[in-house]
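**Q** Per my numbering, the very first residue in the sequence shown carries number 1; after that it's consecutive.
It is worth saying that the hints were derived from the structure and are not from the lab. Be aware that a few hints might be false.
Derived CB-CB ranges, DEER-like [as the list claims (entries may be wrong)]: (1) 8 to 92: 17 to 25 Å; (2) 92 to 16: 20 to 28 Å; (3) 119 to 11: 45 to 53 Å; (4) 84 to 50: 15 to 23 Å.
Here are the computed lysine-lysine pairs in the BS3-like style, where the Cα-Cα straight-line distance is at most 25 Å [stated by the list, open to error]: (5) 51 to 133; (6) 150 to 133; (7) 133 to 42; (8) 51 to 39.
No residue lacks a Cβ here, since even glycine has one placed at the ideal position from N, Cα and C.
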Amino acid sequence: FFRAGFFTPNLIGGVVLGFIWEFIFSRVLVNFGSVTGLKIFKTSWLSDPTKAFWALVIVTAWQLSGYMMLIYVAGFTSLPQDVLEAAAIEGCNATQSVFRIILPLMVPSFVICVFLTLQRCFMVYDINLSLTKGGPYNSTVLIAMHVYQKAFLSHQYGVGQAEAFILFIMVAAISGLQLYFSKKLEVES
Numbered sequence: 001f002f003r004a005g006f007f008t009p010n011l012i013g014g015v016v017l018g019f020i021w022e023f024i025f026s027r028v029l030v031n032f033g034s035v036t037g038l039k040i041f042k043t044s045w046l047s048d049p050t051k052a053f054w055a056l057v058i059v060t061a062w063q064l065s066g067y068m069m070l071i072y073v074a075g076f077t078s079l080p081q082d083v084l085e086a087a088a089i090e091g092c093n094a095t096q097s098v099f100r101i102i103l104p105l106m107v108p109s110f111v112i113c114v115f116l117t118l119q120r121c122f123m124v125y126d127i128n129l130s131l132t133k134g135g136p137y138n139s140t141v142l143i144a145m146h147v148y149q150k151a152f153l154s155h156q157y158g159v160g161q162a163e164a165f166i167l168f169i170m171v172a173a174i175s176g177l178q179l180y181f182s183k184k185l186e187v188e189s
């Protein structure tokens, strides 16, 4: 049940998630700030360029956290118990087991999570569109939204296509690096 609760934000579509969080940032937190007197919540986060960017970061991190948690849980449950038992027999305390056995064996999970997060952040469009629409003052226009605006709103199809191709190259390079490091770590393990 606990795992399912964490994974739920990943199942909600980005547009719906953006609208839910837009309500929270624009109404709920502003009312909370009015009642409690906390200055950080007195105005909508979506009307301030710096806070709007951090609102996007919070929503994206919240959406991806359940998926990353599943990867970490899978990595943790696949740790060989015989290695941990052997370490305990040899006199390893809990701290030594964590830093010398568990964390090194979890490195492939860390690598996968880092690169999946990077790839997803390059392709954020739906949350960006529904939460901030690129505003205020275009301060939250991320790469995917910029490509869309350039190609379809500004009618500069060639420029938009070139930017999309560069975005593809960047994501492919990150995927290639992830594959390289994953294979390298598999061989070392």
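**Q** Now tell me, hint by hint, if it's right for this structure.
**A** Hints versus structure:
no.: 1; hint: 8 to 92: 17 to 25 Å; verdict: violated (37 Å)
no.: 2; hint: 92 to 16: 20 to 28 Å; verdict: violated (47 Å)
no.: 3; hint: 119 to 11: 45 to 53 Å; verdict: violated (19 Å)
no.: 4; hint: 84 to 50: 15 to 23 Å; verdict: violated (45 Å)
no.: 5; hint: 51 to 133; verdict: holds (14 Å)
no.: 6; hint: 150 to 133; verdict: holds (14 Å)
no.: 7; hint: 133 to 42; verdict: holds (22 Å)
no.: 8; hint: 51 to 39; verdict: holds (13 Å)
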